[in-house]
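**Student:** Residue-level listing of the chains:
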Amino acid sequence: MNHLLSIEQLARADIERIVSQAERFAEVSDREIKKVPALRGRMVLNLFYEASTRTRSSFELAAKRLSADVVNFAASGSSVEKGESLKDTVLTLSAHKPDAIVLRTPWAGAAELVSGWCAAAIVNAGDGKHEHPTQALLDVYTLRRRVGEIDGASIWIVGDVAHSRVARSNVLAFQRMGAKVTVAGPPTLIPREIEQLGCEVRYTLDQLPEADIVYALRMQHERMNEAWVPSMREYASWYQVNGRRLTPSQVLMHPGPVNRGVELSGEVVDSPQAVITAQVEAGVVVRMAVLYEVLAARGAHAPEARPAEPRTPALPQQAVGSGLA
Amino acid sequence: MSAVEPLVGAGGAPAELLLRDVHVLDPRAEIDARRDVRVRAGTIAEIAEPGSLAGEDGQEVVEGEGRLRLLPAFFDPHVHLRTPGQEHKEDIDTGTRAAAAGGFAAVIAMPNTEPVLDSAPLLRSLRDAAAREARVRVGFLPAITRGLQGEQLTEMAELREQGALGFTDDGKPVRSARMLRKALQYQRLCGGVLSLHEEDPTLSHGGAMREGAVSTALGIAGIPSVAESTMLARDAALAGYEDARVHFQHISCADSVEALAGAKARGFRVSGEVCPHHLLLTDEHVRGLDTRMKMYPPLAGEDDRRALVEGLRAGTIDCVATDHAPHARDEKEVPFEQAPMGTTGLETAFAVLHTELVLPGVLGLGTLVERMTAGAALFGLEPATVAAGRPADLALVDLDAQWVAGEEGWHSRSENCCFAGRSLRGRVLMTLAAGTIAHRDRALALAGAA
Numbered sequence: 050m051n052h053l054l055s056i057e058q059l060a061r062a063d064i065e066r067i068v069s070q071a072e073r074f075a076e077v078s079d080r081e082i083k084k085v086p087a088l089r090g091r092m093v094l095n096l097f098y099e100a101s102t103r104t105r106s107s108f109e110l111a112a113k114r115l116s117a118d119v120v121n122f123a124a125s126g127s128s129v130e131k132g133e134s135l136k137d138t139v140l141t142l143s144a145h146k147p148d149a150i151v152l153r154t155p156w157a158g159a160a161e162l163v164s165g166w167c168a169a170a171i172v173n174a175g176d177g178k179h180e181h182p183t184q185a186l187l188d189v190y191t192l193r194r195r196v197g198e199i200d201g202a203s204i205w206i207v208g209d210v211a212h213s214r215v216a217r218s219n220v221l222a223f224q225r226m227g228a229k230v231t232v233a234g235p236p237t238l239i240p241r242e243i244e245q246l247g248c249e250v251r252y253t254l255d256q257l258p259e260a261d262i263v264y265a266l267r268m269q270h271e272r273m274n275e276a277w278v279p280s281m282r283e284y285a286s287w288y289q290v291n292g293r294r295l296t297p298s299q300v301l302m303h304p305g306p307v308n309r310g311v312e313l314s315g316e317v318v319d320s321p322q323a324v325i326t327a328q329v330e331a332g333v334v335v336r337m338a339v340l341y342e343v344l345a346a347r348g349a350h351a352p353e354a355r356p357a358e359p360r361t362p363a364l365p366q367q368a369v370g371s372g373l374a
Numbered sequence: 044m045s046a047v048e049p050l051v052g053a054g055g056a057p058a059e060l061l062l063r064d065v066h067v068l069d070p071r072a073e074i075d076a077r078r079d080v081r082v083r084a085g086t087i088a089e090i091a092e093p094g095s096l097a098g099e100d101g102q103e104v105v106e107g108e109g110r111l112r113l114l115p116a117f118f119d120p121h122v123h124l125r126t127p128g129q130e131h132k133e134d135i136d137t138g139t140r141a142a143a144a145g146g147f148a149a150v151i152a153m154p155n156t157e158p159v160l161d162s163a164p165l166l167r168s169l170r171d172a173a174a175r176e177a178r179v180r181v182g183f184l185p186a187i188t189r190g191l192q193g194e195q196l197t198e199m200a201e202l203r204e205q206g207a208l209g210f211t212d213d214g215k216p217v218r219s220a221r222m223l224r225k226a227l228q229y230q231r232l233c234g235g236v237l238s239l240h241e242e243d244p245t246l247s248h249g250g251a252m253r254e255g256a257v258s259t260a261l262g263i264a265g266i267p268s269v270a271e272s273t274m275l276a277r278d279a280a281l282a283g284y285e286d287a288r289v290h291f292q293h294i295s296c297a298d299s300v301e302a303l304a305g306a307k308a309r310g311f312r313v314s315g316e317v318c319p320h321h322l323l324l325t326d327e328h329v330r331g332l333d334t335r336m337k338m339y340p341p342l343a344g345e346d347d348r349r350a351l352v353e354g355l356r357a358g359t360i361d362c363v364a365t366d367h368a369p370h371a372r373d374e375k376e377v378p379f380e381q382a383p384m385g386t387t388g389l390e391t392a393f394a395v396l397h398t399e400l401v402l403p404g405v406l407g408l409g410t411l412v413e414r415m416t417a418g419a420a421l422f423g424l425e426p427a428t429v430a431a432g433r434p435a436d437l438a439l440v441d442l443d444a445q446w447v448a449g450e451e452g453w454h455s456r457s458e459n460c461c462f463a464g465r466s467l468r469g470r471v472l473m474t475l476a477a478g479t480i481a482h483r484d485r486a487l488a489l490a491g492a493a
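Top to bottom, those sequences are chains A and B.
With the numbering used here, the residue at position 191 of the first sequence is 240, and numbering never jumps.
With the numbering used here, the residue at position 338 of the second sequence is 381, and numbering never jumps.
So that you can see chain A by itself, here it is in the shape it has in the complex:
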């Protein structure tokens, strides 16, 4: 795979390969020395047009664990604010010959567009309200560790579906992995004809108990000012996932950051059913697997899957060396 642009472009086998690779990298993360030299000498450029702490730092950590060099380029305070176009910025930064560019923008399709402008592998870290494929991959990974295969499982995605790239990527990824997906939220925040993505639509949480997994989305306060919902109070009373609505066997997920008291009540966030912290942890190993995946075709080498042997170097040095040519 040369780029990771969307879940839409992935087959189940692609998702499974990346998740399995992440599991191998997870072994590395448990070792005393967490770094592997798989991408030594490679340069990963984080190009972020939107504020992001979690995703960016998670990519940065992933690249560093793979021994890559990392350059962070934030659009604010840069030439972008002086009116430089996306294309010119990408062409300029390409002069530094990055091997991979991790790109987040407020514009749908920007990652795909950039993949046509430069030689680097492009990893979509969020393109507008379109997709956020690494989030979906880390969610699949988290579920695989927590509940095993999700074939036939019922997954409810609850909240502001309309403005959520996480929702779009996860509807596709969960379905690719065999789950049955339902989206639920206020009618003003469920986009028209979303059934055509293969999911079901509900406007109340009355049937929530049928879900095996509940995935709550972040509800942004701005949505209230734009009259998407009458008030946060009314939103919470109808759509908050709380102890009253969640049954003990259900697994609770959230992409973060959580608005306690809005989409989730404090008690469910802190309950053992919630895998929110596991999702964050998964972020690093899954992004390691993604960076490895898109650069593997270009000659990188990863550790073999084998029982953890903490003191053993993950890679034969020769193999690493050959990747530096």
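Check the hints yourself; a few may be wrong.
[What the hints assert, rightly or not] Chain A side only, calculated, beta carbon under 10 Å to chain B, not exhaustive:
1. T154
2. W156
3. E180
None of these hints come from the bench; they were simulated from the model.
Each residue gets a CB set at the ideal place from its N, CA and C atoms; glycine is no exception.
Got chain A; can you put chain B on it based on the hints?
**Tutor:** Below, chain B alone, put in the same frame as chain A:
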């Protein structure tokens, strides 16, 4: 009221031509037969049985071999020539070259320029420029409201005296019904057609494509079809109430066709146009986020597309307009949501509609020719006709010629054509506009004079 000729062009040497054994097709003149057609001093001098006329001194002879079609040249009531202020996209010279290459003998230019065409001095200077540069004749629609701001009427009566064909705030709707109503009332004094871009901005708010399954899959804010149809219905009702003459621009959905049909059935003085891209493309073409597929109104669903084709065939929609909207390459080489709206269309309009609608039998060739020439009469102008004594506004077309849109470049300064790369059948070989040869295809470059 207009004191001056509303269409203006640079003119040129009056054509001296003998078009021998061409297949003349003019539904308005009720001709569909092989003929010899002589153009003398820019005027259609003789129409005779094929092979009966001989070339005269200084006359170029074009052999039609009974195969080349001679059509009345087309009329486009909706183009953006981008002058003044946006000449990096297009100017009067390049825009009218593109028109001539597409078989158009006259076009109407929109006022959303920089500055906006909203005053008589600016109209005069544009007409002067057209008189120097325009390959085909250009008419102008100044703005309805000053600066397209929707707050104050332009000096419509003076503008009409200086040659305005009518008025439009194209690019924007006249948001306030009260403001539009004043313009409709004022039309009783000054005449001219009010040409309306229909869009309820509170519904289209922030959208970049048509709302539907594709916009949802892409996560792009959608513009619902009702953003157009509800505004069109409102304005049709206002036009009926004031007995005003209104033309609806770039109709893009089934509900709008129905609203237009309803207004016509009630005897309102309304007409409508449709663009080739809305007749042939749908929001499925936006899936790849090619910015050439971004225009206002946005490409709609298949049901809407079919309703537009049927509306044009049945005559509910009166004419074809290209909404030729050039943008520079770097303006379109951006993420879809950032890109400006618009596609070019003058050079491909006839060929794409011939290829995609006439050849499959959806629309008769005669109907297409009628719809591509009907715009003139809607704006109070004489439509082009293949008849002796009329000025030569003619398009000579090879219906069998195959070409790929854009392969040999464009006459337009811009290349943002949504049909680029398509294999087309039907090519304009020569365009005569107001009696002069405005365009000549390479295929005819070496045709010898008699």
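**Student:** Hints first: check each against the structure and report whether it holds.
**Tutor:** Outcome of the hint check:
no.	hint	in the structure
1	T154	holds, 7 Å
2	W156	holds, 3 Å
3	E180	holds, 7 Å
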